[in-house]
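Chemist: Residue 353 is where the sequence shown starts when you use our numbering, and the numbers rise one by one after that.
Take these hints with a grain of salt, some might be off.
[Stated by the list, open to error] Capping the alpha-carbon separation at 30 Å, the derived lysine-lysine pairs in BS3-like fashion look like this:
no., residue 1, residue 2
1, K544, K451
2, K508, K495
3, K424, K380
4, K435, K451
5, K508, K496
6, K451, K508
7, K502, K451
8, K380, K560
9, K380, K496
10, K424, K435
11, K435, K374
12, K516, K374
13, K565, K390
14, K565, K544
15, K451, K380
Worth flagging that the hints you see were computed from the coordinates, not collected in a lab.
Computed from a predicted model, the values in this text were never measured in an experiment.
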Amino acid sequence: ADSPLLGMVNAFNAVSNWVTAKIVREVKLRDRTNVVDKLVRVMEYLHHMGNFHGVMQILGGLNRSCVRRLRKTWDDVSSDTTKAVENMEALMSHSSSYKNYRNTISRWSGPILPFIGVYLTDLTFINDGNPNLIPDTELINFKKRYMLAKVIQQVKLCQSRRFKFRNLHRELVALDKSGPLSEEEAFTMSLKIEPRNPSEAIEAMLIKEDQMKREIEELQIKMENLERENKSLREENSAIRRIAQRNKVREFWRGSAGQDRGGKGVAFFRGSNSSQQRRVVSMQIPRNPYNRIASFGESDGSSDMSSTEMLTS
Numbered sequence: 353a354d355s356p357l358l359g360m361v362n363a364f365n366a367v368s369n370w371v372t373a374k375i376v377r378e379v380k381l382r383d384r385t386n387v388v389d390k391l392v393r394v395m396e397y398l399h400h401m402g403n404f405h406g407v408m409q410i411l412g413g414l415n416r417s418c419v420r421r422l423r424k425t426w427d428d429v430s431s432d433t434t435k436a437v438e439n440m441e442a443l444m445s446h447s448s449s450y451k452n453y454r455n456t457i458s459r460w461s462g463p464i465l466p467f468i469g470v471y472l473t474d475l476t477f478i479n480d481g482n483p484n485l486i487p488d489t490e491l492i493n494f495k496k497r498y499m500l501a502k503v504i505q506q507v508k509l510c511q512s513r514r515f516k517f518r519n520l521h522r523e524l525v526a527l528d529k530s531g532p533l534s535e536e537e538a539f540t541m542s543l544k545i546e547p548r549n550p551s552e553a554i555e556a557m558l559i560k561e562d563q564m565k566r567e568i569e570e571l572q573i574k575m576e577n578l579e580r581e582n583k584s585l586r587e588e589n590s591a592i593r594r595i596a597q598r599n600k601v602r603e604f605w606r607g608s609a610g611q612d613r614g615g616k617g618v619a620f621f622r623g624s625n626s627s628q629q630r631r632v633v634s635m636q637i638p639r640n641p642y643n644r645i646a647s648f649g650e651s652d653g654s655s656d657m658s659s660t661e662m663l664t665s
């Protein structure tokens, strides 16, 4: 199973990719600007509640090259949105080792979810930049341990101030099914919605449209051929079924003729129970096994086909 830290990193990347996909998948300019405005409002709300990790998730999606290059989109957003993005970028800037961010969380009094990337960076630099043992001795480098413990203590302090949230499992599942885009796919969609050269984009669209028309014509021809082949197969199947049905009837009559070489059939009674005399009704089986006609009638001995006789009770 993945560690909680790795799960947190994967969730961070998933939300950032989701932010990017939500923007570049909007074809209309108005729809894109509305999405950007709403995402920025969500980012501001996360900042007010102390979720700096969430702020960085949205900023990461907004600052990807495939989103930043959408000049028409950024020119069309409201001035409040532009200002909010600038403020959040200044707050989460990595200049001077995230100085503004560190100062902000040091004064934060309520629940807080810190940006975990800062602490991972600190731990990496401390671990890689300091030896485990004091040089030229076998003594443990307690200064390195102290610096590592100080960073971990900051994280533990943030964990002691918890949020009270309800379970959002359904929303998280919907986010997982939104369909992330790779870097290449996102940039390709970005070029489609806002091409670098509009005239070249129009020419490329016309060429692609002509190519699609030819492909449609080829598909129509293939469909017509398939329909003709399907019709021919249906006719062949019908003929095969008719032949099979005739053969089945012939086999039936051959079997009947084998049971009674004399052509005799099976007798049936017809009449009321109160009557002492019962008339005999016979199913006549022709001597010719390929004759399909079966005659029914009272057995009076006048027929040219032999029948069974049964005595009256």
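Chemist: Hint by hint, say whether it matches the structure.
Modeler: Taking the hints in turn, this is what the structure says about them:
no., hint, verdict
1, K544 with K451, "39 Å, violated"
2, K508 with K495, "20 Å, holds"
3, K424 with K380, "11 Å, holds"
4, K435 with K451, "20 Å, holds"
5, K508 with K496, "19 Å, holds"
6, K451 with K508, "20 Å, holds"
7, K502 with K451, "17 Å, holds"
8, K380 with K560, "20 Å, holds"
9, K380 with K496, "54 Å, violated"
10, K424 with K435, "17 Å, holds"
11, K435 with K374, "21 Å, holds"
12, K516 with K374, "28 Å, holds"
13, K565 with K390, "39 Å, violated"
14, K565 with K544, "20 Å, holds"
15, K451 with K380, "39 Å, violated"
Violated hints for the displayed structure, listed by number in ascending order: 1, 9, 13, 15.
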